[in-house]
Amino acid sequence: MASFNLTLKPAQTELVALPGSTIIQTYDVTNNSSESLTLSSQVLPWVPRGNDGSVDYLQALPNPHLAFSLTNTDLLLGQTFTLAPGQKRQLVLKIKSDSTVPLTDVYYTFFINQTPGFSTSSTSQSAASGRIGSHLLISYSSSDTPHSQFFLSHVSVSPRFKDILFPQLNISATAENDSPYFAKIQGKLVVAKNGLVIQQFDLFPDNVLANSPRQIRCLSDNQPVPCSLNPPFWPGAYTATLTLDPSLNAPSATVSFFIFPYTLTLILGFVLTLIWYFSRPQKHISSTP
Amino acid sequence: MKFKIVIFLLLLTFNFQLLTRVAHAQHFSSTDYIIDFGNFNITSGHKNSANYSLTDTVGQLAPGQYNNTGYIVKAGFQYIYDLFNQFTFSINNLSLSLGDLVPNIGSTATNIISISTPSGHGYQIMVQQNHSLTQGNGITIPSTACDSGPCTTTTSAPWTLASTYGFGFNVIGINSSGVVTGVGTSNYFTNSTYFRPFSTAPISQIAMSENNSTSGANSLRQARVTYKANVSAIQAAGRYENGIIFTAVPKY
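Protein chains in written order, with my numbering: chain A, 16 to 304; chain B, -5 to 246.
Please keep in mind that the hints were generated in silico from the structure rather than gathered at the bench.
Bear in mind that the values here come from a model prediction, so they are computed numbers and not experimental data.
Accuracy of the hints is not assured; some may be wrong.
Below, in silico cross-link-like pairs of lysine to any residue (SDA-like), each with a Cα-Cα straight-line distance of 25 Å or less [claimed, not checked]:
no., chain 1, residue 1, chain 2, residue 2
1, A, Lys103, B, Ser113
2, A, Lys103, B, Leu214
3, B, Lys222, A, Ser137
4, B, Lys222, A, Lys111
5, A, Lys111, A, Asp178
6, A, Lys199, B, Asn79
7, B, Lys222, A, Pro131
8, B, Lys222, A, Thr130
9, A, Lys103, B, Asn205
10, A, Lys199, A, Ile179
11, A, Lys24, B, Lys222
12, A, Lys24, B, Asn79
13, A, Lys109, B, Asn86
14, A, Lys24, B, Pro196
15, A, Lys103, B, Lys222
16, A, Lys111, B, Arg218
17, B, Lys222, B, Asn169
18, A, Lys103, B, Asn169
19, A, Lys24, A, His162
20, A, Lys103, B, Asn79
21, A, Lys199, B, Asn205
22, A, Lys24, B, Thr82
Covered stretches of chain A (in silico footprint by chain B; criterion: 3 or more residues with CB under 8 Å from a CB of chain B, positions within the stretch not fixed) [unchecked claim]:
no., stretch
23, 70 to 77
24, 137 to 143
25, 149 to 157
These stretches of chain A come out as covered by chain B in the derived footprint (C-beta under 8 Å, 3 or more residues) [as the list claims (entries may be wrong)]:
no., stretch
26, 24 to 30
27, 120 to 132
28, 177 to 185
29, 219 to 230
30, 281 to 294
Yeah, the Cβ is synthetic: ideal placement off N, Cα and C, and Gly gets one too.
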């Protein structure tokens, strides 16, 4: 049964480059399949889609100031090559920019495409093939530390009714990048009550691309997790403050919320109502001729 | 005495200049190439332990940044940082036989797609068809519109009726035991009865995606893809075929 199983390393490259510079990036392609694969390489531009790290290839146009090629002596970009089962091959991508490349980010994916085989079936069929890609995030800048300009938006705490017992409180926010260069989110989320810190989170270092937003996530054990607080809580007024690293030039954002013992109040009210109902004086109706 | 000192110095100089052999340790050559290294890298690459992860390049002579008019040299540091983690995508079966297409009886084929991404980074798997299921004479089986809804390349809908014709697909997340979990696919296909037609637009139709993998580097995600074709009695008999391309990329 023909299959496709490919590993590409690295999964993503991020760098800053001067206009007119040449970048060399090596890729290791490994065929983990049990049969030989005929492959080819390709580079395509993309733009960010949404705020969760998704990419869109349809809306992207290639940058005319960049030229891509392979420096492998025996392989051209787009040319087919064969990898035997278990074989690994290194492809060396060269990215040449001219001196007039605009000072901004460019985003590309280096793809390894499978060339589909020929079908010998006598009945109807579809032939599947695979393609795997590694992203390139390149900032063309005259400085090796391009200026970032972030701001925080849509800061909120849910659910609307916050009880001392349940449910989990979720803090959400969006980091918006107003600069032409990508940067990683760095900062903290601090939840406080009456000025005392209740809980503090580091933010997960997601990339926020040029002029685009990214949903904030918190960091726990080197993993991204939702920014959330677990009950029980003391009732009262709280604040959640998001502060980004000064290098991101973003004002901090604070949201206030109140936690009230809704559930306990309802239960207590119900019990008191029952007590009142069963303990009220009974009316006696006397009939006298 | 002075004469002896002078003779000694002359002999020392002579010995140094004429008898010392030039070291070629950093010069390699063959019939086809010559390689001269400015310095040897003693070690380099990516190392890690239980608590640390290190990338290094050791052996650079005179590391540092050197500026001059028109250029900057940054020597001895890794100024291009790539994420050394790898990314794996697989399809267990590339030949999806739909068999002989019988009117009003849906024909299906399945395969399993698997993806493993760097820890903390999600993925997108996109799918496209090169063209509709087509016979050699150009007759095609159209894309399905599902039972009602209709379903589109971006919206799935149930397809269970034998009187609904066309070609489409379903993707449902499974675990390593084949049990349906819906992970990565529930936003696109509610359950295994929901289908969509394939898009012919390249790298645009999302079949499966997640914002981040679970804990542990390169955790594995799998999904079962079901391809379904149903034809009416007026559909020309014969062999139909097309190509399905799966594209997997990480989330940035």
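Verification of the supplied hints:
Our distance criterion of 25 Å between C-alpha atoms is met by Lys103(A) and Ser113(B), whose separation comes to about 23 Å. At most 25 Å may separate the alpha-carbon atoms for a hinted pair to count; Lys103(A) and Leu214(B) meet this at roughly 21 Å. Distance restraint check for Lys222(B) and Ser137(A): the Cα-Cα separation of roughly 18 Å lies within the 25 Å cut-off, and the hinted pair is therefore satisfied. Pair hint Lys222(B) plus Lys111(A) does not hold up; C-alpha atoms about 46 Å apart against a cutoff of 25 Å.
For the proposed pair Lys111(A) and Asp178(A), the alpha carbon gap of about 58 Å is over 25 Å, so the pair is violated. With a C-alpha separation of about 18 Å, the suggested pair Lys199(A) and Asn79(B) falls inside the 25 Å cut-off, and the hint holds. Pair hint Lys222(B) plus Pro131(A) holds up; C-alpha atoms about 21 Å apart against a cutoff of 25 Å. Between Lys222(B) and Thr130(A) the CA atoms are separated by roughly 24 Å; this keeps the pair inside 25 Å, and the hint holds.
Distance restraint check for Lys103(A) and Asn205(B): the Cα-Cα separation of roughly 29 Å exceeds the 25 Å cut-off, and the hinted pair is therefore not satisfied. Note on Lys199(A) and Ile179(A): the hinted pairing is violated, with a Cα-Cα distance of about 35 Å set against a maximum of 25 Å. Of the supplied pair hints, the one linking Lys24(A) and Lys222(B) is violated, its CA atoms being roughly 35 Å apart against a limit of 25 Å. With a C-alpha separation of about 6 Å, the suggested pair Lys24(A) and Asn79(B) falls inside the 25 Å cut-off, and the hint holds.
Our distance criterion of 25 Å between C-alpha atoms is broken by Lys109(A) and Asn86(B), whose separation comes to about 33 Å. Between Lys24(A) and Pro196(B) the CA atoms are separated by roughly 23 Å; this keeps the pair inside 25 Å, and the hint holds. Restraint check for Lys103(A) and Lys222(B): the C-alpha separation of about 36 Å exceeds 25 Å, so the hint is violated. In summary, the hint linking Lys111(A) to Arg218(B) is not supported, as the alpha carbons are separated by about 41 Å, beyond the 25 Å threshold.
At roughly 22 Å between alpha-carbon atoms, Lys222(B) and Asn169(B) fall within 25 Å of each other, so this suggested pair holds. Simply put, Lys103(A) and Asn169(B) have alpha-carbon atoms about 28 Å apart, too far for the 25 Å limit, and the pair is violated. As the CA atoms of Lys24(A) and His162(A) are separated by approximately 29 Å, the hinted pair breaks the 25 Å bound. Distance check on the hinted pair: Lys103(A) and Asn79(B) sit about 16 Å apart at the alpha-carbon level, within 25 Å; holds.
Distance hint between Lys199(A) and Asn205(B) is fulfilled; the C-alpha atoms sit about 16 Å from each other, no more than 25 Å. Taking the CA atoms of Lys24(A) and Thr82(B), the gap is about 9 Å. The hint holds against a cut of 25 Å. With a cut-off of 8 Å between beta carbons, the stretch 70 to 77 of chain A has 4 residues touching chain B; three or more are needed, and the interface restraint holds. Only when three residues or more bring their CB closer than 8 Å to a CB of chain B does the claim for the stretch 137 to 143 of chain A stand; here the count is 7, and the claim holds.
With 3 residues having a beta carbon nearer than 8 Å to a beta carbon of chain B, the stretch 149 to 157 of chain A meets the requirement of three or more and the stated coverage holds. Beta-carbon proximity to chain B at under 8 Å applies to 7 residues in the stretch 24 to 30 of chain A; the threshold of 3 is reached and the given coverage holds. Restraint check on the stretch 120 to 132 of chain A versus chain B: 5 residues with Cβ-Cβ distances below 8 Å, three needed, restraint holds. Counting residues of the stretch 177 to 185 of chain A whose C-beta sits closer than 8 Å to any C-beta of chain B gives 0, which falls short of three, so the coverage hint is violated.
By the rule of at least three residues with a Cβ nearer than 8 Å to a Cβ of chain B, the coverage given for the stretch 219 to 230 of chain A holds, with 3 such residues. Note: the stretch 281 to 294 of chain A has 0 residues with beta-carbon separation from chain B under 8 Å; the three-residue rule is not met and the coverage is violated.
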